[in-house]
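Peer 1: Counting from 1, one number per residue, gives the positions in the sequence shown under my numbering.
Since the hints were made in silico from the structure, they are not lab data.
Cβ coordinates follow ideal geometry from the N, Cα and C atoms, glycine included.
Misleading hints may appear alongside valid ones.
As the list claims (entries may be wrong) - Each computed EDC-like pair below joins lysine to aspartate or glutamate, with the alpha-carbon atoms no more than 20 Å apart: (1) 314 x 288; (2) 314 x 221; (3) 314 x 325.
What the hints assert, rightly or not - Beta-carbon label-pair distances, calculated as ranges: (4) 548 x 326: 42 to 50 Å; (5) 522 x 288: 19 to 27 Å; (6) 507 x 333: 36 to 44 Å; (7) 346 x 495: 47 to 55 Å; (8) 522 x 138: 54 to 62 Å; (9) 456 x 97: 43 to 51 Å.
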Amino acid sequence: MNPSDNADGGATGDRVDLIADAPPPRSETSDARPPALADQVRSSDLIAEVTLAQGVTYTPAGLGVLRTSYVFQVDRVVRGREGDAHVTVNDTGGAYADGSTVSTENSFRLSPGHRYLIFADRVDGELWLRHVLQVREGGAVVADASGRALTGFHEGVATVEPEATYEAARYIRQVTTSPAPMERGPDEASVPQAEVRPPAAAESGRVAALSLDAVIESVREAQGATTSSGNPGPTRAAPSESPPATPPAPNIEGRSQETPGAGTAEGILSGNYVTAFQSHFHYMPDNDNWAWTSHCRSSWNALVGNNLGLFAYKVRTSDNQPIRDRLPVANNGQNNVGVLTSAQMTTAGFDTWETLGANGVCYTWTGGNRITETDILINPAIAGNEAQFRKSLTHELGHALTLQHEQRRMALLYPGTYQQPPNYGSLWYSRQDDHNAVRSMLAWVNANVAAGTWAVTQFTDMATWSQAHSNPGTTGNLVMTRIASETIQRGSSVAIQFVHVENRGNVPAQNVRLSFYLSTNDVISATDREIGTFTWTTFSTWWSGSLTLAVPSSVPPGQYFLGWIVSTDSPELSSSNNTALLLRDYTTGFARVQVSVV
């Protein structure tokens, strides 16, 4: 039997030192680069409006994963070499002839005859697909890969409609979830009396979708080009309604798996799912990586009361010890987790880190929409950085549970985990939005596959971090909690912006208190100097916003760290995630902020 992991990886009393994240790899994509448009544009060797002529899916020689070479008719070049009528761009993943699939979180399932705006990088002379936008309604609408229409740009990040209008360009489909509503603002502050600034209300009504020309104009502006809104740049012939009859064949090496453009996986409306725990073989050359991995599994295992949780590990029959030194093999029907070099990736049948351009990846095989194999691999470039390793592995485990990237809310599944600060004291990194998505999938299995498959755990778990979402409910940046002024006059008030509090559990918390403290050291506790407390009688979901604190005249002048603690009268799954400290962002290595009281 495979042992389950400790279900309380974030138990009270655990403390992890704040560790600066490793910088993203030089080839930056997905989980390894910011989603801001300017960064995306700068890192792309080709940005073009295209029409898909055909896609050829094959197994590259010596590998065990599928690759799809897409041949596009080039309709307009926004960045890159012009003059080619067609271009071949490679992508990880694809569908087998029987409808089963293999893909990563960065794979795109595109349809012949459809129009796209593609972003691609050149690796060893070949173009690799990094990002795709769907061109819909004859160019009047542009949608992201999840099928949500773009409505604008917020701080360089594309904003989208809350729900999908079009079919997703993905192999893995996430179960549709209803977003958890935000809590009302906190009750009147108790110590001292303080003004509460509620977060800005989301705009009501549907915002007009962006056209293709508007998006291309924004892309050109992001790369420093100067064009007028009425002249989006040089264009080729108008896109045809059907692909060219004889596009050039892609230069591929391997065994073809399907007729180009043919074959679709059997679908269900709700998405993909898991019906049993995933027991992984491990390749963890470092003892620290093995210990950290255990906590990453525990973060997800807390969601269910099944014997082995959602993730477990294989053991040797001879001594009942975990197997942690077994190199994975792609597509062998076994689940794997490991830290592999590019050479080991190739030997194991996977793409290299240079090709993938990421800190971590989750290869997922499906059959009839059920997850049949997951191989989760971590880039050695970050394996020695505890905070980044924990974040990346927990993120990839989320993909193994069918989750897609989420840019609309505070979530660990936000693309670019290196932008998220290390937890103050908790070993767990998953957020409430991540938990809600997994719970929705588990509930769907219980309702549609087999009743009682998953025993969804009922618990309360208040949590807070030194970061929030800039525009909850729609696509936006993750922003650090910050103070309006780092120099405070005694007896005056100061605003704390982008505060985030949430209940990671599914049982409401009673009598919740959010208290702020000034401390002469970076160890925040209830014995430090309290400068404000806000309360909720009942707290079920999440709250983000700004709060105003009054600094008493009795505070001695000096330099202080500022932190906050959330507490509740309800029993909690973990209290190690109840404290946060004011930090700067990833560009400074999450340096601690010190405020001056004068």
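Peer 1: Hint by hint, note whether the structure agrees.
Peer 2: Each hint tested on the structure:
1. 314 x 288: holds, 18 Å
2. 314 x 221: Given that 20 Å is the threshold and the Cα spacing comes to 52 Å, the pair is violated.
3. 314 x 325: Given that 20 Å is the threshold and the Cα spacing comes to 11 Å, the pair holds.
4. 548 x 326: 42 to 50 Å: violated, 55 Å
5. 522 x 288: 19 to 27 Å: holds, 23 Å
6. 507 x 333: 36 to 44 Å: Since residue 507 and residue 333 have Cβ atoms about 38 Å apart, the given range 36 to 44 Å holds.
7. 346 x 495: 47 to 55 Å: holds, 53 Å
8. 522 x 138: 54 to 62 Å: 56 Å Cβ-Cβ, so the 54 to 62 Å window holds.
9. 456 x 97: 43 to 51 Å: violated, 36 Å
Comparing the model with each earlier hint shows violations of hints 2, 4, 9; every other hint is respected.
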